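Undergrad: Let the hints inform the model, and build the full structure from the sequences given.
Chain order of the listed sequences is A and B.
Under my numbering, think of the first position of the first sequence as 1, with each following residue one higher.
Under my numbering, think of the first position of the second sequence as 1, with each following residue one higher.
Since the hints were derived computationally from the structure, they do not count as laboratory data.
From a predicted model like this one, the values you see are computed outputs, not experimental measurements.
Keep in mind that the hints are not guaranteed to be accurate.
Unchecked claim - In the DSSO-like style, the derived pairs of lysine-lysine whose C-alpha atoms are separated by at most 27 Å in a straight line are:
#, chain 1, residue 1, chain 2, residue 2
1, B, K57, B, K9
2, A, K3, A, K73
3, A, K73, B, K9
4, A, K3, B, K14
5, B, K44, A, K3
6, B, K9, A, K70
As the list claims (entries may be wrong) - Computed from the model, here is a short list of chain A residues facing chain B with C-beta under 7 Å:
#, residue
7, G10
8, M11
9, F12
10, A102
For every residue, glycine included, the Cβ atom is placed at its ideal position computed from N, Cα and C.
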Amino acid sequence: AQKITQTQPGMFVQEKEAVTLDCTYDTSDPSYGLFWYKQPSSGEMIFLIYQGSYDQQNATEGRYSLNFQKARKSANLVISASQLGDSAMYFCAMREGTGRRALTFGSGTRLQVQP
Amino acid sequence: NAGVTQTPKFRILKIGQSMTLQCTQDMNHNYMYWYRQDPGMGLKLIYYSVGAGITDKGEVPNGYNVSRSTTEDFPLRLELAAPSQTSVYFCASNFGQSNQPQHFGDGTRLSIL
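TA: Structure, rendered in structure tokens:
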């Protein structure tokens, strides 16, 4: 069975600083994908970044990067140069490479960026 | 493109009533999903579909039904609403490849009183 663990219910970061949001996962499938979504207070789910289990390099998308440590089964999201608009809930999710292809979500981390 | 459209955005139901949450996507995605998000939690899969005429249960299917008669539409039916079904419901879709993100609708906030 898949499982995603986000151990930080809440995080604070100063504007313009970097922050790391933790995510660990558990799966027996060698083929899987890891996703991060942002959910602002308005409620929509916004896709941020993707890492495949066979990808050799860590994924990057603008100010977002993923610190992927396969042996440790961790996929931490790094946000550089935090902005006030980054304040939101952040969810880590995983999808197996076969089967229903649905996402299994962690419980989320609420990030608050302080001026 | 509109993407994934959910209606209604908000609804209050009485215990025992029924309703259908609508979901439409215009991206020709074959995979569609329904999730629910309880307060302070991540999303949990209710039902999913890999194409028209094919649906299957997710983690929390009890109390819900779905149908998929077209590629575009994937309605979620609540029968005999219960307070435990108070939640935010999200519909999502994609082409199903493992590296493709799911595109989400804006959600339906449902309260059962």
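Undergrad: Decide, hint by hint, whether the structure agrees.
TA: Results for each hint:
1. B:K57 - B:K9: The hint holds at about 24 Å.
2. A:K3 - A:K73: Judged against 27 Å, a Cα distance of about 11 Å means the pair holds.
3. A:K73 - B:K9: Violated, because 37 Å separates the two Cα atoms, which is more than 27 Å.
4. A:K3 - B:K14: Distance ~34 Å between K3 (chain A) and K14 (chain B) Cα, so the pair is violated.
5. B:K44 - A:K3: 12 Å, holds
6. B:K9 - A:K70: Given pair K9 (chain B), K70 (chain A) is violated - Cα atoms ~39 Å apart, limit 27 Å.
7. G10: Where the cut-off is 7 Å and the nearest Cβ of chain B is about 11 Å from G10 (chain A), the hint is violated.
8. M11: Because about 15 Å separates M11 (chain A) from the closest Cβ in chain B, which is outside the 7 Å limit, the hint is violated.
9. F12: 18 Å, violated
10. A102: 5 Å, holds
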